[in-house]
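**Q** Below are the chains, spelled out letter by letter.
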Amino acid sequence: MDYHFQWRPVLRSLPDMLWGALVTIEIAGLAMLLGTVLAIFLALGKRSGKKYLSWPADVWIETARNTPALFQIYMLYFGLGSLGLQVGSYAALLFGITFNNAGYLAETFRGGFLAVPETQTRAARSLGMGTVQTMWHIVIPQMLRAVFHAMTNQMVWSILMSSLGIIVGLTTDLTGVTQKLNVVTYRTFEYFFVAACLYYIISKAFTLSARIVAWRLFRY
Amino acid sequence: MYFGGSFTWGDFQFLLYGAATTIAITLVSVLIGTCLGVVFGLIRSGSPWWISNALGAVLDVFRSVPLLIQLVLFNSFNSILKLNWPTFAVGCLCLGIYASAFCTEIVRSGVGAVPLTTRRAARSLGLSWLQELTSITLPIATRVVFPSWIGLTLGVMKDTALVLWIGIVELLRSSQIVTSRVQEPLLILCITGLIYFFMSFPIARLGNQLEKKWGMQ
Amino acid sequence: MIAIENVHKQFGALHVLNGVDLTVQKGEVLSMIGGSGSGKSTMLMCINGLEGIQQGRITVDGVEVHSKNTDLNKLRRRIGIVFQQWNAFPHLTVLENVTLALRKVLRKSKEEAEAIAVEQLSHVGLREKLSVFPSRLSGGQQQRMAIARALAMSPDYMLFDEVTSALDPQLVGEVLDTLRMLSKEGMTMIVVTHEMRFAREVSDRIAFFYKGQIHEIGKPDQIFDNPTKQETASFVRSVL
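Residue numbers (UniProt numbering), protein chains in the order written: chain Y, 1 to 220; chain B, 1 to 217; chain V, 1 to 240.
FYI, nobody ran anything at the bench for these hints, they're computed from the structure.
Remember, predicted model here, so these are calculated numbers, not experimental data.
Warning: the hint list may mix true and false statements.
As the list claims (entries may be wrong) - Partial selection, computed: residues in chain Y whose CB lies under 10 Å from chain V: (1) Ala123; (2) Ala124; (3) Gln142; (4) Arg216; (5) Leu217.
Glycine is no exception: its CB is placed at the ideal position from the N, C-alpha and C atoms.
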């Protein structure tokens with residue numbers, strides 16, 4: 001092997017990569033937040049039993065789950081472009097992951113609704129609590145526990161998926177910054193190795209904090 | 001309006017050829033992933049905690065780093081070591097190891113689902129460790145985890161799209177090539193999406209049904 | 001006073017309640033007995049509007065339960081109910097289980113709600129368990145907590161739906177003792193139960209349900225010793 005590893009230039013550009021990591025976290029977090037809100041509507045739509053609500057929800061969910069995430073991002077980036085809707089690479093990535101998250105989380109929430117038995121609602125209503133109070137104080141807290149683990153996993157997926165931005169030309173997130181440096185220096189292995197380490201740290205830090213939150217929240 | 005005559009039967013065949021590549025990569029990767037996964041899974045479930053946890057931690061790395069980065073690293077490793085493997089092999093190996101990280105946990109949960117009493121009963125009848133494994137544990141475990149394994153296979157199928165980054169022309173890359181000629185990105189992406197959908201959805205449904213059917217017993 | 005007039009209820013083709021008439025006076029303890037599927041539990045759910053009815057009228061102190069103009073949430077504050085499956089809220093501590101409705105429905109302050117809850121929980125013997133989660137309690141303890149939760153709203157009426165049926169035999173006694181105590185305190189109670197000795201002991205009247213109707217109603221001695229209807233006699237014989 002006559003390849004000489006050079007780590008010094010990588011370390012020098014570490015601050016740039018850390019800024020990229022922040023963008024990665026921002027995209028993943030936003031996509032998770034938006035995806036969660038949309039997923040609640042999708043899950044409610046599927047539960048409603050009304051065709052005009054459940055059918056679009058079904059199409060969304062099945063498309064999100066049965067095609068590659070990269071395809072979904074392409075759809076937004078290239079597909080919408082041909083309709084005259086020019087979408088930037090940041091927006092295409094953000095909404096692509098959001099679309100994907102919403103599809104997977106909708107199924108999670110559907111299971112979550114089933115995890116809280118009807119008798120809990122009855123007990124709350126029998127104490128004179130209204131629909132909204134029952135939802136807020138009884139159903140949602142218990143549902144949250146049922147879906148918490150799956151949501152944590154989805155957030156990690158969200159972080160990992162955000163690396164796909166580079167394929168539609170995003171240069172500001174961790175992978176984008178890494179690729180930009182790589183193109184200049186050709187130290188591919190070194191740069192991407194450090195990027196891998198950063199992704200690992202982000203994923204693990206998130207998983208760990210989620211575990212601490214779960215431990216604090218779900219003491220029952 | 002879309003069928004302006006520019007999208008031809010030949011283009012469609014080109015997409016199908018891309019789909020065949022996608023399937024080929026999927027099959028090879030899942031094969032590698034399953035073989036490694038069974039071995040790792042058995043080690044994970046049947047060895048002292050420190051071996052099991054150490055292996056678990058190593059495999060966890062592959063699940064915590066973006067697949068795209070893993071592909072780039074594998075690919076650059078290939079050139080650093082001057083292995084000169086074809087990119088197809090690099091893609092399959094990388095996806096295979098990635099899949100094995102997930103498969104290991106599937107196998108482990110399957111083995112965990114076989115009651116210890118059942119295994120003891122088999123051993124007490126005089127079956128050897130290997131006989132017990134092949135005739136009792138693995139058949140029961142396979143049934144339990146088959147639906148998750150199908151889920152993994154479909155997951156890998158969708159992840160194969162990323163190998164276009166290291167230069168393999170699979171389904172999604174094929175669609176781009178066709179688009180650059182035909183200039184109808186939305187139409188071609190929709191067709192591509194449908195091909196993905198029809199490769200994934202029926203099998204996903206089958207998996208769900210098996211899960212329901214076998215879950216009852 | 002709870003007045004039930006000619007109530008009918010159907011689940012599809014199944015006629016669960018087939019013209020029930022009944023009045024329960026303030027301070028009275030009424031037990032409903034009968035085979036499973038005879039409609040007694042459904043009757044109970046109708047009284048606080050957890051189930052709808054197709055025909056007839058139920059009024060609680062003159063307020064019609066199944067009228068569109070009735071604020072059910074308001075009405076339910078005055079009617080406590082305890083279920084067969086105790087339905088503890090698993091994510092709340094014993095204390096929070098009791099204070100939740102006090103604070104959110106009756107809008108009491110935290111201190112006030114906790115004072116009431118502690119009093120009620122002490123009453124049913126759970127003074128020591130305030131900060132424990134329900135999963136750490138036995139079935140009997142959870143059921144007593146559910147009773148305290150309902151009582152904390154200071155209801156005028158209490159409904160009990162087979163509250164001992166899901167309990168282990170050795171835990172039945174402690175829950176029945178709680179009910180006995182309540183009846184001595186003059187609480188108006190409607191009790192659906194399979195515990196015949198208990199029913200006989202605490203009830204002012206006993207209603208025997210058969211095929212969605214009250215087949216026979218009367219003092220415990222009459223129902224258990226001198227039933228006038230043949231079905232009552234054979235039911236009583238089968239359970240004693």
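**Q** Work down the list of hints and note, for each, if the structure agrees.
**A** A quick look at each hint next to the structure:
1. At a threshold of 10 Å, the smallest CB-CB gap from Y/Ala123 to chain V is about 4 Å, leaving the interface hint in force.
2. With a cut of 10 Å, the hint placing Y/Ala124 at the interface with chain V holds, because the nearest CB-to-CB distance is about 8 Å.
3. At about 5 Å, the closest approach between the beta carbon of Y/Gln142 and any beta carbon in chain V falls short of 10 Å, and the interface hint on this residue holds.
4. Checking Y/Arg216 against chain V: minimum C-beta separation of about 13 Å lies over 10 Å; hint violated.
5. The interface hint given for Y/Leu217 holds, since its Cβ lies 9 Å from the closest Cβ of chain V, which is under the 10 Å cut-off.
In terms of the numbered hints stated before, the structure departs from hint 4 and from no other.
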